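Protein chains in written order, with our numbering: chain A, 1 to 495; chain B, 1 to 209; chain C, 1 to 234.
Note that these hints are calculated values from the structure, not bench results. These numbers were taken from a predicted model, which means no experiment stands behind them. Don't take each hint at face value.
Here are the simulated lysine-lysine pairs, DSSO-like style, with alpha carbons at most 27 Å apart [what the hints assert, rightly or not]:
no.: 1; chain 1: C; residue 1: Lys216; chain 2: B; residue 2: Lys171
no.: 2; chain 1: B; residue 1: Lys148; chain 2: A; residue 2: Lys18
no.: 3; chain 1: C; residue 1: Lys83; chain 2: B; residue 2: Lys171
no.: 4; chain 1: A; residue 1: Lys148; chain 2: B; residue 2: Lys61
no.: 5; chain 1: C; residue 1: Lys218; chain 2: C; residue 2: Lys83
no.: 6; chain 1: A; residue 1: Lys369; chain 2: C; residue 2: Lys185
no.: 7; chain 1: A; residue 1: Lys148; chain 2: B; residue 2: Lys24
no.: 8; chain 1: A; residue 1: Lys18; chain 2: B; residue 2: Lys61
no.: 9; chain 1: A; residue 1: Lys221; chain 2: B; residue 2: Lys23
no.: 10; chain 1: A; residue 1: Lys4; chain 2: B; residue 2: Lys73
no.: 11; chain 1: B; residue 1: Lys22; chain 2: A; residue 2: Lys148
no.: 12; chain 1: B; residue 1: Lys148; chain 2: A; residue 2: Lys33
no.: 13; chain 1: B; residue 1: Lys24; chain 2: A; residue 2: Lys4
no.: 14; chain 1: A; residue 1: Lys18; chain 2: B; residue 2: Lys22
no.: 15; chain 1: B; residue 1: Lys147; chain 2: A; residue 2: Lys291
no.: 16; chain 1: B; residue 1: Lys148; chain 2: A; residue 2: Lys291
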Amino acid sequence: MSRKLIIDPVSKIEGHGKVVVMMDDNNQVTDAKLHVVEFRGFEKFIQGHPYWEAPMLLQRICGICFVSHHLCGAKALDDMVGVGYSTGTPMLPTPEKVRRLAHYAQQLQSHVTAYFYCIVPDMLFGMDAAPQQRNVVGLVEADPELVKRVVALRKWGQEGIKSVLGKRMHGINSIPGGVNQNLSQEARDRLVNGEDGLISLDQVIDYAQDGLKVFKDFHDKNRAEVDAFAEVPALNMCLVDEKGNVDYYHGKMRIIDKDKNIIEELDYHDYLDYFSEATEEWSYMKFPFLKAHGREAGSVRVGPLARVNVTKSYDDSCPLAKAALEEFHDYTKGKANDMTLHTNWARAIEILHSAEQMKVLLNDPDLQKEDLILTPVDNAWTGEGVGVVEAPRGTLLHHYRANKEGNITFANLVVATTQNNTVMNRTVRSVADSYLGGKEQAEITEGLMNAIEVGIRAYDPCLSCATHAMGQMPLVVKVLGADGKMIDEKYRCAS
Amino acid sequence: MSQETVTEIFSHELPATQWDPKKKAIEEAKIQVAMIGFCGCWGCHLSFLDMDENILGLLEKVTITRSSFTDLKRIPHHCTIGFIEGGIANDENIEVLEHYRENCDILISVGACAVWGGTPAMRNVVPLEECLREAYVDSVTAVSGAKKTIPYHEDIPKITNKVLPCHEVVKMDYFIPGCPPDGQAIYKVLDDLVNGREVDLPTEMNRYD
Amino acid sequence: MTVKITIDGQEVNARAGDNIVDVAAQNGVYIPTLCYTRGKPCLGTCRTCSVKVNGSVMAACTIPVREGMEIDVNGDEITDMRKALVELLFAEGNHNCPSCEKSGRCELQATGYEVKMMVSRFPYRFTPHPVDHASRSIWLERDRCIFCQRCVDFVRDKETNQKIFSINGRGTYARIEIDVELANKMPADQVREAAELCPVGCIIDKTQGYDVPIGKRKFEVKSIRERALGGGHR
Chain A
1 MSRKLIIDPV SKIEGHGKVV VMMDDNNQVT DAKLHVVEFR GFEKFIQGHP YWEAPMLLQR
61 ICGICFVSHH LCGAKALDDM VGVGYSTGTP MLPTPEKVRR LAHYAQQLQS HVTAYFYCIV
121 PDMLFGMDAA PQQRNVVGLV EADPELVKRV VALRKWGQEG IKSVLGKRMH GINSIPGGVN
181 QNLSQEARDR LVNGEDGLIS LDQVIDYAQD GLKVFKDFHD KNRAEVDAFA EVPALNMCLV
241 DEKGNVDYYH GKMRIIDKDK NIIEELDYHD YLDYFSEATE EWSYMKFPFL KAHGREAGSV
301 RVGPLARVNV TKSYDDSCPL AKAALEEFHD YTKGKANDMT LHTNWARAIE ILHSAEQMKV
361 LLNDPDLQKE DLILTPVDNA WTGEGVGVVE APRGTLLHHY RANKEGNITF ANLVVATTQN
421 NTVMNRTVRS VADSYLGGKE QAEITEGLMN AIEVGIRAYD PCLSCATHAM GQMPLVVKVL
481 GADGKMIDEK YRCAS
Chain B
1 MSQETVTEIF SHELPATQWD PKKKAIEEAK IQVAMIGFCG CWGCHLSFLD MDENILGLLE
61 KVTITRSSFT DLKRIPHHCT IGFIEGGIAN DENIEVLEHY RENCDILISV GACAVWGGTP
121 AMRNVVPLEE CLREAYVDSV TAVSGAKKTI PYHEDIPKIT NKVLPCHEVV KMDYFIPGCP
181 PDGQAIYKVL DDLVNGREVD LPTEMNRYD
Chain C
1 MTVKITIDGQ EVNARAGDNI VDVAAQNGVY IPTLCYTRGK PCLGTCRTCS VKVNGSVMAA
61 CTIPVREGME IDVNGDEITD MRKALVELLF AEGNHNCPSC EKSGRCELQA TGYEVKMMVS
121 RFPYRFTPHP VDHASRSIWL ERDRCIFCQR CVDFVRDKET NQKIFSINGR GTYARIEIDV
181 ELANKMPADQ VREAAELCPV GCIIDKTQGY DVPIGKRKFE VKSIRERALG GGHR
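Here chain A stands alone, though its shape is the one from the complex (with noise of 0.2 Å):
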């Protein structure tokens, strides 16, 4: 007889998942999908906004790569009223550095929080503890200093959010042609000095090697079972400057295959010439790939692991990130990783990249510098931008157009979690078939399961991100009130 296997909801990520593992008679996979089951919808509503709510109302669609939406949504208005890099205009020093802080902050704060309170208490427990044990609550009881030092991390993170974007989270501090504010004189010395509750940026570089030092713990213990987990082929892309090193706020998208050869290299505002998106019945997250390449051999996969396959190497100025890449790049002998665990790996260079990256802007007198705006010219105006940057789990782009009165006509975007969508989904089924292929049912355990779940945590997925598209048709759906009567009768609607 044969099985459907479910895991639902998929647990310890960012918004609504669900896996479903078919078997045969034969205890054979023969299927393994996560299906996307929420929708919200961001590209229709925005139309008709004024064009300056965008990186405001657009940030909305994460509660932890907010920035990452926020800038995207900045960069693609620089564009719009004529001060962007569409019309070949440089950022203002300080603005773009303002703009920058924020972003390692934030990748520093989710980076941290996704791995500690969601990769590693598997790691630590073992992927097949008991359930109740490989969570937060867990880690607490274990190892409470861990957590002392990871809560002050991810509030030192927070912290330096607020201190430009006035709010921890969906604060604002672009606006088209710049920032509203640079960074204070008190905020940078509160941020560098530790002062009122906060770790000192000595501090934070010194915490941010946990991350390495728990994985290193872990892969050594668990050297085989760790490389042979997932290792599942996928091109490789992120954002590079000129040097060809990782650029997370701005630069050209560069795709590389498992030789680190270029297959590609654009212009971000080219990105319509390049990738397509696919649509499937079972997922209202679409399946972007490369037009050129073809839907199976041209699906990219974005984030940690991605950026550390693609970039040459780090800037000088942050000197333990780089030995620690260094040592990842070694370890596959210059071919690319597709070594899906590793992705945490790469995710903890990240959190010690992204913090040596703000000890450097921290030191920057710039940050203070008052020249915050760019003014467009008259006639400046092109009504249409692109933004691009590599949020914590990989490139993001938003794209929109508008009329001359202001009002949004068009948006589309295209996340990271999205790119991701067809290179998860090899994951879920290379871990389906090598944990419970040939297995009766009765040697299948919860653990087991929770294998693919640990497979599609190391994406560290933002569902939420991933459903900001319009979707699923309603059906007939009656939905009753608190008071039992009836307020919502829904419909089909005709197609």
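Chains B and C: place on chain A using the hints.
Below, chains B and C without anything else, positioned relative to chain A:
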């Protein structure tokens, strides 16, 4: 493959490693909190973490059962507090929210989306048919020449026409507005509840943006 | 002429003819208002300043004080009534504070905090309201209009004194309109004043947006209550 021969098995119903009975006893003696995010951005859950070091003190008194921070897929037993993020946007959200209502003494709407629908509720003024066209028929990145597909499958839920505030589906006991509410506002409400005080969010901590 | 009245049982002296909102403020008692603004004629449209005068509910901005008046501002019933009025406004419009440019400077939002609104007790309606963005420098976001009529009465063409804003239709069909031709003649400072005068984010100055950082915005620096009680320009 004929439908009738397929057996559905949920991962959380499979045999699992047993929890250390001593740890189980310690956690079960605490106040039980279940959490869930519906149609939102997870920001209110992260704002929960934004209570910073207060979380360590709080976790001495409460434990988290079902939540996106744990691997418990269902509420394991009756809970005192249900922490609800997000508005209601599909049939599954409705079922799960009703399940939380049945299994929690107190439900809190946390954040703008749970309180009134929030930013996702901006789709409430747009007819769905136009939305579908935008996303799948007229999408600029649609595969040229391919059949236009609109997701529709037994394994994904059906979307409601409007995003609803939680209290329009079940009774909610407390509301913490904000997008998201500050971590300290969430802490204040939980701390009041845990210590048996009347919940009082001071005006200066109340915010809608 | 001085008259004696009581506010919440406290006897106070007031100048006859001053309205209840002003007299209460002079005596340290805050009454929220959304259409009334000190120094300008009373409009009486929003009713947010409702109090009980000798037992009857009245809009405080519309009532001049008279000898012997007993005014109930902070009794439980009238306090909840004012809160309900604010909640109605939130349920009727589409007030997405999270993305609104007026957030932190919005009188409706600030008043929501003062009346301790956490949620509206009325069902949120989500009625579509088409925006009007035809004018060169003003964006009219009808989702947020509360029909206070401040703009209708107080924003006029400098040359002809003609009204620039008007309300068209009645009841559910009422909507704020803008005369694009006259609006395009408005000098930049008048546009800014109109946007500032609007208690919500309905009249938006297209040339400015989100320029004040969070934490430094009008009502974050000084609350609407403090501004109302402090006298001078609110």
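Hints, one by one, checked against the model:
no., hint, verdict
1, Lys216/C x Lys171/B, "violated (37 Å)"
2, Lys148/B x Lys18/A, "holds (24 Å)"
3, Lys83/C x Lys171/B, "holds (20 Å)"
4, Lys148/A x Lys61/B, "holds (17 Å)"
5, Lys218/C x Lys83/C, "holds (22 Å)"
6, Lys369/A x Lys185/C, "violated (37 Å)"
7, Lys148/A x Lys24/B, "holds (23 Å)"
8, Lys18/A x Lys61/B, "violated (32 Å)"
9, Lys221/A x Lys23/B, "holds (26 Å)"
10, Lys4/A x Lys73/B, "holds (17 Å)"
11, Lys22/B x Lys148/A, "holds (24 Å)"
12, Lys148/B x Lys33/A, "holds (21 Å)"
13, Lys24/B x Lys4/A, "violated (31 Å)"
14, Lys18/A x Lys22/B, "violated (32 Å)"
15, Lys147/B x Lys291/A, "holds (16 Å)"
16, Lys148/B x Lys291/A, "holds (17 Å)"
Consistency note: the structure conflicts with the earlier hints numbered 1, 6, 8, 13 and 14.
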